[in-house]
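A.B. asks: Each chain, written out:
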Amino acid sequence: MNERDAPGLADDLAAAALSLARLFAAGATMWCTSPRWPAHGRHVAVEFVHPVIVGKRALPAVNIDCGDVIGAARLLARPGDVILAISAADDDAVGSLLRRSQAWGLTSFWLGAGRRPPTGTADQVIWLDGDDADVAARSGDVVMLYHLLWELTHVVFEHPGLLDAERVCTDDVCITCSDEGRLAEVAVVHEGSSAEVLAAGLRETVDISLVDQVRPGDLVLVHAGVALTVLPEHVA
Amino acid sequence: MSAEPTGFLYPFIDGDERDANSLLVDLAASAQAKMAESANLRAATLESLADLLRSAAEAMAHRFRHGGRLFTFGNGGSATDAEGTADLFRNPPRGRSLPAMSLVDDRAVLTALANDVGFELVFSRQVIAHARPGDIVMGFSTSGDSVNVLHAFEEATRRGLLTVGLSGYEGGAMANAGVVDHCLVVGSASVHRIQEAQDALVFELWSTVQLCLESVRS
Chain A
1 MNERDAPGLA DDLAAAALSL ARLFAAGATM WCTSPRWPAH GRHVAVEFVH PVIVGKRALP
61 AVNIDCGDVI GAARLLARPG DVILAISAAD DDAVGSLLRR SQAWGLTSFW LGAGRRPPTG
121 TADQVIWLDG DDADVAARSG DVVMLYHLLW ELTHVVFEHP GLLDAERVCT DDVCITCSDE
181 GRLAEVAVVH EGSSAEVLAA GLRETVDISL VDQVRPGDLV LVHAGVALTV LPEHVA
Chain B
1 MSAEPTGFLY PFIDGDERDA NSLLVDLAAS AQAKMAESAN LRAATLESLA DLLRSAAEAM
61 AHRFRHGGRL FTFGNGGSAT DAEGTADLFR NPPRGRSLPA MSLVDDRAVL TALANDVGFE
121 LVFSRQVIAH ARPGDIVMGF STSGDSVNVL HAFEEATRRG LLTVGLSGYE GGAMANAGVV
181 DHCLVVGSAS VHRIQEAQDA LVFELWSTVQ LCLESVRS
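Read top to bottom, the protein sequences are chains A and B.
Numbered per this note's numbering, the first sequence finishes at 236, counting up by one with no gaps.
Numbered per this note's numbering, the second sequence finishes at 218, counting up by one with no gaps.
These are computed hints drawn from the structure, not numbers from a lab.
The C-beta atom is built at its ideal place from N, Cα and C for all residues, glycine as well.
There could be a bad hint or two in this list.
[What the hints assert, rightly or not] In silico contact screen, one side only, chain A against chain B (beta carbon under 7 Å); selected entries:
#1 A10
#2 L13
#3 A14
#4 D134
#5 S139
#6 G140
#7 V143
#8 M144
#9 L152
Produce the complete structure using the sequences and hints provided.
C.D. replies: Written out as C-alpha cells, the structure reads:
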C-alpha cells in the first residue's frame with residue numbers, strides 16, 4: 001500500500017467505524033456485496049457474524065451473492081440498514097446500487113482500491129489510492145481495510161455513550177428542508193401523471209408531468225411533490 | 001504478540017461520554033498503527049519465506065505443466081481465502097489461466113458431507129472424489145490446527161498429491177514434519193494480520209508460478 005495515503009485513510013476508517021457502530025446499535029443489518037471479487041463479500045460478512053475475538057458481539061451482516069444484487073437488496077434491506085460494497089470504482093452496477101440505496105433509506109459504505117469513485121457516490125468511502133485495484137484486492141490490502149473497519153467498529157462499542165448520538169443534520173444545507181431536490185427511485189408509474197417513489201425509505205406519490213417516460217427503477221430528483229429530472233443511470 | 005496501542009481499548013465505565021472527537025482521534029491513530037503493522041508483517045514474511053516460496057512455486061509449476069490441477073480449502077475467513085486463491089489462478093489479472101477450484105464452494109456437497117460423515121471430513125472426502133496423483137492441494141488455517149484441513153492433507157499425501165499449507169502463529173500441527181510438502185507460516189498472533197500476510201504470500205506464489213511457466217515456454 002501507499003504510505004502517503006495512510007493519514008487520510010485512517011481518518012476515513014475512523015469516521016466509517018463510528019457511523020457503522022451507531023447504525024448497528026440502532027438495529028441495522030449490513031448487506032455486503034463484491035461482484036468482482038466474490039470472496040471478499042463473504043469474508044466481511046463472516047467477520048461481523050462470527051467475531052474472531054471471543055466475547056465480541058455477533059453483528060448481522062449478510063453477503064448478497066446473486067445475479068441481481070440491486071433487486072435482492074431492494075427487497076431485503078429495510079430503511080436504516082447499511083449497504084457495504086467492495087469493488088473497483090468503475091463497477092457501474094455497484095455505483096448504481098449505492099446511489100439508489102439512498103432512496104431506500106440505507107447508509108452506504110464503499111470500500112475499494114485503485115481510482116477513487118466520484119465524490120458523493122457513497123456516504124462513507126474507504127479507499128486505497130493506487131494503480132491496480134485487482135492487485136490490491138488480492139495481495140492483502142483490501143482485506144486489511146475491512147479487518148480494520150471491523151476492529152475499529154468494536155472499539156466504538158466500548159464507548160456506549162457515543163453510540164446513541166442523535167441523528168442531527170450537520171450539513172450546511174439540510175436537504176430534507178431546503179430547496180434542493182431529493183433522490184427518489186420510481187416504484188410504480190400510474191395512469192395519468194403520477195408515480196409512487198421511494199425517497200429515504202418512504203413511499204410517496206409524486207407528480208411526473210415534468211419528466212418524460214419514467215419507468216420503475218429510474219432515479220429522479222423530487223422537490224415539493226414533483227419529479228424534476230430523471231437522473232442518468234451512471235455517474236461519469 | 002505484536003506491540004499494539006491498546007490503551008484506548010479500555011471501556012468507559014459510565015455511559016456519559018458524549019464527545020466523539022477524542023475517540024475519532026484514537027481510532028485514526030490505531031488504524032494508522034495497524035496499517036503499518038500489516039505492511040511491515042507482509043514485507044517481513046515475504047522476505048523470510050522467499051526461498052520456501054520459490055521452491056513451492058517451482059513444484060506447483062511443475063505439476064501444472066504436466067496437467068495437474070489445484071484444489072484449495074479452509075474454514076471461515078480462510079474459506080474465502082481458498083475461494084479467492086482458486087479465482088486468482090483461474091481468472092488471473094495477467095498471465096495464463098490455470099485449473100483451480102476451491103472445495104468450499106458447493107454447499108450441497110459441504111452440507112451432505114458435514115451431515116453424513118462429520119465436518120472434520122468435508123475436505124478429505126472431496127480429495128478422495130476429485131484428486132489424481134499429479135494434482136495439488138492448498139489448505140489455509142491461521143492456527144495450523146484445523147482438523148478438516150489436516151485430514152485433507154493426510155488424504156492428499158496418501159494419494160501422491162503436492163501439498164501446500166498456509167498457517168499462522170508458530171505453524172500449529174500443519175508445521176509438523178511430514179504433514180505438508182511446503183508449509184508457509186506467518187509468524188503473528190493476530191488472525192487478521194495473518195490473513196493479510198497470507199493473501200500477500202498467495203499473490204507472490206501465484207506470480208512466481210506464472211514466471212516459472214513462462215521461463216519454460218520461452
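A.B. asks: So, D134 (chain A) near chain B? Judge it on the closest CB pair being under 7 Å.
C.D. replies: 4 Å, holds
A.B. asks: For the restraint on L152 (chain A), tell me whether the closest CB of chain B is nearer than 7 Å.
C.D. replies: Interface hint status for L152 (chain A): holds (5 Å vs cutoff 7 Å).
A.B. asks: Verify the interface restraint on A14 (chain A): the C-beta must sit less than 7 Å from at least one C-beta of chain B.
C.D. replies: Given a least distance of 4 Å, the restraint on A14 (chain A) holds.
A.B. asks: If you take the shortest Cβ to Cβ gap from S139 (chain A) to chain B, is it below 7 Å?
C.D. replies: OK, holds: S139 (chain A) within 7 Å of chain B, min 4 Å.
A.B. asks: Go through the hint on V143 (chain A) and say holds or violated, using the shortest Cβ distance to chain B against 7 Å.
C.D. replies: For V143 (chain A), the interface hint holds, since the closest Cβ of chain B sits about 6 Å away, which is under 7 Å.
A.B. asks: Can G140 (chain A) be said to touch chain B, with a Cβ gap under 7 Å?
C.D. replies: 4 Å, holds
A.B. asks: Under 7 Å, Cβ to Cβ, is where M144 (chain A) needs to be relative to chain B, so tell me if that hint holds or is violated.
C.D. replies: M144 (chain A) check passes; min Cβ-Cβ to chain B is 5 Å, inside 7 Å.
A.B. asks: Just to be careful: measuring from the Cβ of L13 (chain A) to every Cβ in chain B, is the smallest value less than 7 Å?
C.D. replies: Hint holds; L13 (chain A) Cβ to chain B Cβ min 4 Å, cut 7 Å.
A.B. asks: A closest beta-carbon separation below 7 Å is what the hint needs, so does A10 (chain A) meet it against chain B?
C.D. replies: 4 Å, holds
Of the numbered hints given earlier, the model fails none.
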